[in-house]
Structures are given as structure tokens and as C-alpha cells.
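Participant: Guided by the hints, dock chain F onto chain Y, whose structure is given.
There are 2 protein chains.
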Amino acid sequence: MNLKQHIEIMLPEIEQELQSQVQRLDAQRTLPFHEMLTYHMGWTGEGAGKEATGKRIRPLMVLLAAASTGAEWRNALPAAAAVEMVHNFSLVHDDVQDNSDKRRGRFTVWKKWGVPMAINVGDAMFVIANQAVMDLIKTHQALTVVRAATILNDTCLDLTRGQYLDMSYEERTDLSLEDYWPMIGGKTSALLSACTHIGALLGNTNEEEQEAYRQFGYHLGLAFQVQDDILGIWGDEAVTGKSAASDLVEGKNSLPVLYALGKQGKFAERWNQGPITVDEVKTVAALLEKEGGRAYAEEMSEKETQKALGFLESANPRGAAGESMLELANMLLKRKQ
Amino acid sequence: MNLKQHIEIMLPEIEQELQSQVQRLDAQRTLPFHEMLTYHMGWTGEGAGKEATGKRIRPLMVLLAAASTGAEWRNALPAAAAVEMVHNFSLVHDDVQDNSDKRRGRFTVWKKWGVPMAINVGDAMFVIANQAVMDLIKTHQALTVVRAATILNDTCLDLTRGQYLDMSYEERTDLSLEDYWPMIGGKTSALLSACTHIGALLGNTNEEEQEAYRQFGYHLGLAFQVQDDILGIWGDEAVTGKSAASDLVEGKNSLPVLYALGKQGKFAERWNQGPITVDEVKTVAALLEKEGGRAYAEEMSEKETQKALGFLESANPRGAAGESMLELANMLLKRKQ
Numbered sequence: 004m005n006l007k008q009h010i011e012i013m014l015p016e017i018e019q020e021l022q023s024q025v026q027r028l029d030a031q032r033t034l035p036f037h038e039m040l041t042y043h044m045g046w047t048g049e050g051a052g053k054e055a056t057g058k059r060i061r062p063l064m065v066l067l068a069a070a071s072t073g074a075e076w077r078n079a080l081p082a083a084a085a086v087e088m089v090h091n092f093s094l095v096h097d098d099v100q101d102n103s104d105k106r107r108g109r110f111t112v113w114k115k116w117g118v119p120m121a122i123n124v125g126d127a128m129f130v131i132a133n134q135a136v137m138d139l140i141k142t143h144q145a146l147t148v149v150r151a152a153t154i155l156n157d158t159c160l161d162l163t164r165g166q167y168l169d170m171s172y173e174e175r176t177d178l179s180l181e182d183y184w185p186m187i188g189g190k191t192s193a194l195l196s197a198c199t200h201i202g203a204l205l206g207n208t209n210e211e212e213q214e215a216y217r218q219f220g221y222h223l224g225l226a227f228q229v230q231d232d233i234l235g236i237w238g239d240e241a242v243t244g245k246s247a248a249s250d251l252v253e254g255k256n257s258l259p260v261l262y263a264l265g266k267q268g269k270f271a272e273r274w275n276q277g278p279i280t281v282d283e284v285k286t287v288a289a290l291l292e293k294e295g296g297r298a299y300a301e302e303m304s305e306k307e308t309q310k311a312l313g314f315l316e317s318a319n320p321r322g323a324a325g326e327s328m329l330e331l332a333n334m335l336l337k338r339k340q
Numbered sequence: 004m005n006l007k008q009h010i011e012i013m014l015p016e017i018e019q020e021l022q023s024q025v026q027r028l029d030a031q032r033t034l035p036f037h038e039m040l041t042y043h044m045g046w047t048g049e050g051a052g053k054e055a056t057g058k059r060i061r062p063l064m065v066l067l068a069a070a071s072t073g074a075e076w077r078n079a080l081p082a083a084a085a086v087e088m089v090h091n092f093s094l095v096h097d098d099v100q101d102n103s104d105k106r107r108g109r110f111t112v113w114k115k116w117g118v119p120m121a122i123n124v125g126d127a128m129f130v131i132a133n134q135a136v137m138d139l140i141k142t143h144q145a146l147t148v149v150r151a152a153t154i155l156n157d158t159c160l161d162l163t164r165g166q167y168l169d170m171s172y173e174e175r176t177d178l179s180l181e182d183y184w185p186m187i188g189g190k191t192s193a194l195l196s197a198c199t200h201i202g203a204l205l206g207n208t209n210e211e212e213q214e215a216y217r218q219f220g221y222h223l224g225l226a227f228q229v230q231d232d233i234l235g236i237w238g239d240e241a242v243t244g245k246s247a248a249s250d251l252v253e254g255k256n257s258l259p260v261l262y263a264l265g266k267q268g269k270f271a272e273r274w275n276q277g278p279i280t281v282d283e284v285k286t287v288a289a290l291l292e293k294e295g296g297r298a299y300a301e302e303m304s305e306k307e308t309q310k311a312l313g314f315l316e317s318a319n320p321r322g323a324a325g326e327s328m329l330e331l332a333n334m335l336l337k338r339k340q
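Top line first, the protein sequences correspond to chains Y and F.
Just so you know, this note's numbering puts 168 at position 165 of the first sequence, and the rest follows in order with no gaps.
Just so you know, this note's numbering puts 167 at position 164 of the second sequence, and the rest follows in order with no gaps.
Excised from the complex, chain Y in its bound form (with noise of 0.2 Å):
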């Protein structure tokens, strides 16, 4: 069994056990409320579909690497369930937190229900996440899922402290590169992460292995992250979806900027100035790249995919779903591919 196999396996059984912890708000009084939910999620309203759900890429992660441990996969479904819906409480707020009108191509909940909805929504689907870890008790013993749920919170409290980096540093002028790792850390790589990590602690591994799992899965969302700032400045529109270059123009702290940051030459100096317009583009592109950020930036990723690779390796992942492990590793840093 390859990975388009394995998605093919288990993708609807992913949808299924979403579909049924958001049921929890599908009663009487709260059916609008659900319709938020299931908006967002990608199930209902204008546009939904297989576009508007995205890829299920972290729920996927926790099955393989449960799958890969030799354990029954189906039984790790509420900690799938449990990561995707972190994700997507994280997506909600943050397009409230970034003025975000549009998400993969749709209106954003609090664009369609006003910014306090939003805010609820965003709320219960991180209170769904949480039940979803619970109900891991029907398959796993009582410590089990108390350590689950350990490393779903602590990933969770990474999250806001990346999150809140992001935020302080629209406000500041002296970045560097050191102030990279720690934001990125937490919002890209927490999660993916704790998706490995859960995936091995309910299989059969040992604490050895569930390092390695969760290691595996903390450089992958680095390099991961450090590739799509690269395709952010540089990558071919018609592959990446989004008009290249615009993270210049919206101001993203991605890791070439920074690095040209740190630099202190014209890169930086016209940074500074204020907002790149869409005119100026392919210039401070050109001007970054001369200036080293890609080139430092391609070097991080593969030295972030071979530190992922190394601990995959020593992860020991077994059978058929190791592979597709590696294959969707594979495929979430080599994009262009």
C-alpha cells in the first residue's frame, strides 16, 4: 500500500470522526452554530468541498505514525480528529487576528458572521479538540490519554506563544534571524509534532522511539515551514496557488527576510522604510536574493529535512505505512515537485 492508497483508506474515515465530535453543537437551539463549524471545516456553504477542506495532512500524520508502529490505526482516530480541529480553532482565529477576508478561497467566518461569532467558534472547536483526546479512553488506558492530552496542550500553549511572537514583532524594527526559530517553533512546528509524537505514544513504541517520532515531526514542520517562505518570495504562482512574492508585500517576518534583516544592508534598509508595493516586487526579491536570504534560507530547509530524515530513521517506522510516512514527508518539502 502506497500513500494515495493509504489517504484513499483513511481520509474518509478522518472526515467521519471530524464530521461526528462536531455533531456535538448539532442540536436544536445551536444549528446556526453548527453550520459555523462545518462552514469552516469545508462541508457546507458556498464552495465546500475537497478545496475548502484542505489536505488533513496533521490527521493523516497521527495515523501513519500510529499505522507505523504496527498498532490498529482506526484506534487513534479521535487524536487525528483531536490535531486537525486545534489547526482549524487556530486558523479561525488567526484570519480574525490578520484581517483575513479569505481562506482557501472562501469568505472566513468572521467575515460571513462578524468577529465575536468568530471568536466563539474558534473557541468551541479548540473545546471539540479536547473532547476528541478524551474519547481516545474507549481503546487506550486511563494514563495514555492523559499523556495525549499532556502533549496536545502543551503543543497548544507553544502555539499562542508563536502566535504572540508573530503579533510583537509587526510592531518592531530590529529582528534578526535568532527571532525566527522561536516564533516558527511554535506556530508550524509544535503541531506537527505533537501529531508524531501521539501518533507513536498510541502505538506500540517505546519512550526512545516517541522521541524520535516527535522529533521527526518538529524539524519536518521547520523545514517545512523555512520552504514555504521560500515559495512565499520566490515560488512559481501557477504550483503555490498564492501570487508569488506577496509575503514581501504583506510585511511576513519569513526566514530570508530576516536573515537580510540581520545583515543591515539595502535589503534592510528598505524594509524598514515601510510597506514593499507590488511595483517594487521582483526588485527586492532580486535584492534579497543577492543579499543571501535564499541561498541561507535553502540551506536551513535541507539541513531541517535531513535532521527530520535522521530522526524518521531512528524512529524505526514499520511497514508499508513508514513508507507513506516518508512519501507524505517527502511531499509536504518538495512542493514544487
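Keep in mind that the hints are not guaranteed to be accurate.
Same chains, same names: a pair is fine if it fits in one copy or spans any two.
What the hints assert, rightly or not - With a straight-line Cα cutoff of 30 Å, these simulated BS3-like cross-link-like pairs (lysine-lysine) come out: (1) Lys-114 with Lys-306; (2) Lys-255 with Lys-114; (3) Lys-115 with Lys-255; (4) Lys-255 with Lys-105; (5) Lys-285 with Lys-141; (6) Lys-115 with Lys-105; (7) Lys-7 with Lys-306; (8) Lys-105 with Lys-285; (9) Lys-53 with Lys-114; (10) Lys-293 with Lys-7; (11) Lys-53 with Lys-306.
What the hints contain is simulated information worked out from the structure, not anything from laboratory work.
Facilitator: Here is chain F on its own, set in the frame of chain Y:
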């Protein structure tokens, strides 16, 4: 030992437990983030101190419930911190949703640091609440921890349901009595019932007693909310600390109001015409009283109080802590005294 003495012993330990839970954000890069939480909790910043922290009724209720089963209440401290963090998370998000500038005489978190930061502060508090519950593992069996977390999660979902109803009512003009209880059950009673329920769970009780503790908290919450509604319209400013009848000006869907709206009399006619002005308040409050809103609310408050006390009796609380829990309930219900 009476309530006052219980409070003197328990309150410092509650504050210490809360501070050590919030400490999780007290790290090099997140110090200003940590400060936002300590400010809201009433420990730091302008106006910090006893007036700013609130009365910590909910954690006291957890500890007294646990103690009244004969258990060591100190073992329940993480749960006490958890319910207080849930309460405060909901306050921080509420203040954003209601556009409230002030809370307990101090600027709200969003007013000081902006909406995006305030959403993140609330999220972090919610995470810390979940982390606190998991800390029960130090002194309780894993299955008990899972059950405590499940009770708290279910409660939090009720909070989001209540919040949804409250917000959705703002746009409706067809409200009546039956819309009141589901909203208030989520917004006020759910968390108080979680306090007594979790306290009992962590103590030496059987399922039947736990259910009685739960119901005691639930009906206490209902009675308390109805009392609060009455005081918000006919209360003595000097006692309540907020301007009497402000609930009418703010258009709050309180029990007396919803009762009278269902009657479709002169009060309903005026209410549906638009906001009540400060000048009208006395006339409208008198009209509301004439149409039976006050008498009905007082009857309901009394009814719920009796239910609460009945459940407290069958919960069979023991010793001085049991007495103090009753005293705390009476304090909550007869705030005029």
C-alpha cells in the same frame, strides 16, 4: 471553622496555584505575553490587588466541595485553578465580544493590547486551564483525571453554546421566556456545576453523591443568575457597585425582561422600539414590575434556590467544609445582605 476562616486559608493557596500555572508563560521571549495574563488576573499593572482579582468563588467552591467529602482539599488545587482559568478565559473573550472597555474598574485586555492580542490571551488561559487539570495526575488516578477533564470540557462546550445564544439573541425581537434557560444554563450554571461536580469527583464520593453535588451547583448557578438579573434592574447601586437599571439601558435579555416580552404588553412594545435611555429607566423598570417581571423572577430565584438546597442536602456534605459551602451558597444568593 467557618467560611471566613476557610477563605483565609484557601485563598492564598488558590492564588499561588494560579500563579504557578500562569508561570508557564514566564519565559525570556514571552514576558510581555505573561504580563497580559497576570494583569487580567489582577496581580500586576494599574489597579492590581484584591479588588482586581475577583472573589475566586468558583475555585473556592471546588475546594469546599472536595473538603466536604472528607478529602484533602489541597489535592484539588489544580482543578480549582482550572475552573478559575476557564472563567477568566471566557471573561477576556467576552470583553472583546461585548466591546467592553472596563472590567472591575480596570481597562480590559483588548482595550490595553488590542483585539488580536486579547484573543490570544484568552486562548492561552484556556490552554492553561486544560494543563492545570492534567496536573491532577500528581495525586489522583489517571481515570479520575480523564473524568475531571471530561466534565470541564463538556462545561466549556456549554459555555460556547450559551455565548452563541446570548449573541444571537441580540438580533432577535421574538424572544420569550423559553429562550432564557438554555442561555443561562450554559453561561452561568454550567461552570458552577462543574465546580461542585469536580470537587466531589476528586473527593470520597460515589456516583450518586457526585450527581447531587453537580445538581446543587447547577441550580445554585441558575438562582444566582436570576438574582443578578433582578439586582441589575432594581438593585441598590451602593450594594451592587454598578448603576441600577444599567441592564435595561444595555438591552440585556434578563429573566424579568424575557418574561414581560412573552406577555406582549406595554413593556414589550417599548422594548421592541429600541434602546432604553437613562432618563426612561425608572419608568420602564416600574412598567416591567407592574407587568409581573420582578415577581416572576423572584419566584424563580426562590424555586431554584430551594432546588439547590435540596440537592445539597442529598449530597450529604460533611463537617465544617460542608457548613462553609452552604454559607458560600447563601452569600451568593443573598447578595443584599
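Participant: For a quick check of understanding: which of the numbered hints are violated here, in increasing order?
Facilitator: When the structure is compared with the hints, numbers 1, 5, 10 and 11 turn out to be violated.
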